[in-house]
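Chains as they are written, first to last, in my numbering: chain A, 1 to 316; chain B, 1001 to 1302; chain C, 2001 to 2648.
In short, the hints are calculated from the structure, not lab data.
Predicted, not measured: the structure shown is a model, and the values here were computed from it.
The C-beta atom is built at its ideal place from N, Cα and C for all residues, glycine as well.
Hints are not guaranteed to be accurate.
As the list claims (entries may be wrong) - One-sided excerpt, in silico: chain C residues whose CB lies under 10 Å from chain A:
hint, residue
1, L2138
2, N2229
3, G2233
4, L2306
5, I2337
6, A2347
7, P2377
8, V2380
9, D2402
10, R2405
11, S2488
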Amino acid sequence: MKQYIARRLLMAVPTLIGVSLIIFVIMAIMPGDVALARLGEAANPETLQMVRDQLGLNDPWYQRYGRWVKDMITLGDLGESVFRQGVSVASLIEEHFPVTLNLAVYTMIVAILLGVPLGTLSAVRHNSWIDYFLRVFSIVGLSVPVFWLGIMIILAQVTWFGWAPAVQWVSPFDDFWDNMKRMFWPAITLGYFQVAFIARMTRSSLLDILYEDYMRTARAKGLRERTVTIRHGLRNAVIPVITVGALQLIALLGGVVVTERVFNLPGWGTLLVSGVFNRDYALVQTLVFIFAAVVVVGNLITDMFYAWLDPRIRYQ
Amino acid sequence: MATQTGSSGVLAPQLQDTRWARPWRAFRRFCRQSPLGAAGVGIILVLAIMAVAGPYVAPYDPEEIGVGPKYQAPFAGENLLGTDRLGRDVLSRVLHGAWISLMVGVVASTSGTLVGALMGLASGYWGGKTDAIIQRIVDVLMAFPVLILAMALLAALDRSLNTLLIAVAVPFIPYGARVVRATTLVIKESQYVEAARAIGASDWRVILRHIAPGCLAPYMVVLTGLVGVAIITESALGFLGLGIPPPTPTWGEMLSKAVEDLFFAPVVAIVPGLFITLAVFSFSVLGDSLRDVLDPRLRGRT
Amino acid sequence: MFGKLKYRIAFTVATILALTALAACGGDSATQAPAATSAPAPQATAAPATAAPAQPTAAAQPTQAPAPRATQAPAAGQPTSPPAPTAGAGITATRAPVPASGVQETDYTPAARLLMEGGPKALAEANGESPRYGGKFLANNWEPIPFYDMHQTSFGGVYVITAPAYNGLLATSPYDELAAEIIPDLARTWDISDGGATVVFHLAEGVTWHDGAPFSAEDVKWTIERIKNPPEGMVSPRQGVFRSTVETVEVIDPNTVQLKSDGFSPLLVPLFSNGWNAIIPKHISEVDPVNAMMTQVIGTGAFRLLEPPTTTLWQFERNPDYFDENLPYLDEIEYQIIQDPQAQAAALLTQKVYFNDSIGGINFSPELAQSVADREPGLVFSPVPTITVSHFVMNGTRPPFDDIRVRQAVSDAIRRESIAELGPQAGTVGTGNFPLGPWALPKEVQESLIGYGPDMDARIANSKSLLAEYESENGEINWNNITIQCSSNITWACPNAEVVQQLLKKIDVDVDLEPLDVTAHRGNEVSGDYLMSLLGAGLDFDDPIDTFGQLYITDGGRWYQRRSIPELDELFQQQKAERDFDKRRELVWEMDKIATNDAAYLVLHWWQFNRVQWDFVKGLTSTASARTTNARMIYTWMDLPEANRTSR
């Protein structure tokens, strides 16, 4: 097991280096000029040159790349935001982190609390009208664009209930109720997709397992169907659901971006979009890297979890 | 779909002897096995007809401003689905938007996964160093959430249909590569491939004649599912303001502009969203049904 | 309500008439207001007495407006436009036999008199308000804030969000919609001498900075000189206007500062009533002149930061040591940063934000503003004209736009009214001069110019023949290679460009749009890397020195068209030195005609800001200049139960 972990960790290193290189290349060819973004209408060739020198934009690419990598490895302030002067990238990312984390946690809670039971129900009542209904429900969930769903929810709320999302985010530890008022609908919006996904996963893996030999044995022993399903079926079905579900929750990062935009939530997604618009390459490159790193680390953890559950994988 | 399956009874005898008879029977079996998938095919056909014929049947030029009063409600005036903020006909824009959205969805996902599929073939077939390198590339690309990679790419490229296609296609490369590599590994070990190699068939011949056809089914399953993801990605980019430049109508762009007018002209925002949902829905159910039908392990279970 | 459109128009018309009367001291066009010509001397002293009560009634009763306006001319002329009153003062000064070095009595505005004599309460009461103290005001700002130093940017967001912490030397009346009626701020009184070339400001006493350090005239000198001669590495967008206006700054004693300009300058006093030119602390700024103010917000203002700002929230609390013991009225201000119109509309509807106007607001489309106001009876929608233009620029240095015929063809094909009718943004059609101010081109003159004729068919025919003529000489223009650049993240820019694009189709010109990020787009305009471009320009003063100086003069601040017209530059210098309003206006109109017919920088329209606010917000008036001192919110109060105190 230790050897497996070491091997997987080593494999993550070149991946992260590749990720950072791709991001750096993309940022390097990004048109628009951050010096202009900073100067606005006061820009002229002289001031532009001045700001570019200040920001080190005139240095060769390997120096700039080296600086960035060093910044990230030393885990310091990750450099200064190019657009917001005097503010470090680290502090911006830190400031926006709780909102994204909050959204992700609530979404996961919604997804698991609803997804697993619905999937189980669908599998157990296989080919009944409930199954059909739930299948359509989950395919629709996978099809509705998150941003459109969010917009429709806001429209309905404003039109019929005179409610609008609060402007400021409040920490759930400060005021849980205020926090819920702000986060409930975003979590539902983003959660629908996840619920749908997990319900489908649960259903199909449970269906796989319900036909396995040991399930027949369990039934043959005369156990009640419910006991069979829950004790033997669900327990084994949960493994693939968790692994794939974990992957999916990582991929949810894309959904976070649009959900935060729709609900005007000050999280990483909003930060990323405004960074792109303001040509704040220092912020964008680090933030995109973090998004990718979260995925890589998430995959790593999932793999290890899987290996721990299923020893065969370690020797592949 | 009901009419099509119904009329098949009439058509079938005539088709029996033609070369289309086998696919037709396969299709009928598919419809029987998976009515939901058949519905998906039906919706896709309707949308495809819309996309192709849209420009000819659209009542107005979708870019022309002031064809009706601004923010005309649907069914109220001469514009069936009303007008938008510049007095443009919403129906015409939706029809034209169908072409861009479907085209980007299909072309971007196909080209992305096709590049990936070639990488997967090479990786699986030759193994060794080739495999190691390609797998690292795939790992790297896989690390980016689709939308975020597309956003980063579009931030770096100028905005046009071509760059949009590239930006949406690139994130799909690893998905094509993974499925094809896995299938290739299995087929490579099969006896008939070993036999072909034993009689001296070249690598290319083996790949083209034996391995590629075997990969087709699982590839198609993955691809169909990804078309929907590509459509959503395209519209999300349009929504974030990174899509094809206006005034070209796309569903995502229509939505992003309509959001500003949400509280007094909601229809302009509702309509494109419905179409995006419908398109993604139909590709998802088709993908599911194809998997059910093509994956023998699942046959008969769903 | 103050915001009703017809009153606003009446007010504008009234002030224009008053100004015409004032300027017509010579008598050639004074038919409207004989009173003004009759007694120029006693006016200055007589005015304040009648002016104070007259003002609200003048705004409320349009029919009576011209008369009282005219009689109180020198003082009431003030609200019309910043430079004009000073010009008036200048005229009086030269006519009166005072020695060149003598000090004349300052023509304080009615609002200034009220403040000086009765304090803020008198000013409020004269405008029909009796303010109460207390409450937390919820405001919004739509721009991300890159840094906190307003003197280094022309992005309005930075100004607006830091404004409550600062004071200027002067301010404009919180009730004046044209942001021109000057009132005291840090300078409690001021004397003008040398025929308008010298001004001495007498500063308030006992003023402290938010960190406790005392304020003095040295801070004023430091601020002005820093803007005028920025240290190496500092960007100073208002450097130009300071250089052309302020010659020297001299500290006479800790509470007195003297400014001199090189000869008569109409902007010498109004310059300091513009919100941008707030006074910053020398002791903090001098430590690191370029960067110190970028990350700190320390002023003398009525509000101070409660906590370090975040990217989405700025919180201010009342400054307990504020030098005017009667101000401010509010206890707290909270600025939220909201970037989307629909989120802003929802926040307004649910009272998470109390107002949306040119002070930091997102400009709603008129339909959105109306629909929001229709949902809640307490929400009031009032359109406010602003001195901001939407422009369509053609690069005069690049073919085919280096040929005047092509530019004129494009200009004539663009029906200006269509932008407001079809685009997401309303506005007033006009030329290089603000169409609702004293310099507005008369309608019949305007209609004779390229792009403004009443007969659209004739204009299209004219455009086509101009193009045909050009193409017969130079070969066909390949419009496929020409794009209109527009800013994708400015809500109105690309939709307006779509309107223009469709209008051009009528003369068989089919061009594509090229949406860019606003920073990249503005950069292209500045560097000339474009062929056609649609964006806008916000101006500070309704005065040709600012408007033409920025838009049309060679190397002006927003001279994006890069068309140098020597004749126009010459006229510009002439009008600048001209003290007679009428003669000056003739020159200005001549400039306007030349610039409009040159058709490189097209003014599509002058914005209307669609203000929506809750009716309990008082003492905060939307103004033509978006960068008004009203953003400091010193006089803002709320008619809410929670605001229930009678003193600070």
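Each hint tested on the structure:
1. L2138: The hint holds - L2138 (chain C) has a Cβ within 10 Å of chain A, the shortest such distance being about 8 Å.
2. N2229: Violated, about 15 Å.
3. G2233: 6 Å, holds
4. L2306: 14 Å, violated
5. I2337: 8 Å, holds
6. A2347: 5 Å, holds
7. P2377: 13 Å, violated
8. V2380: Status violated, d = 18 Å.
9. D2402: 22 Å, violated
10. R2405: 31 Å, violated
11. S2488: 9 Å, holds
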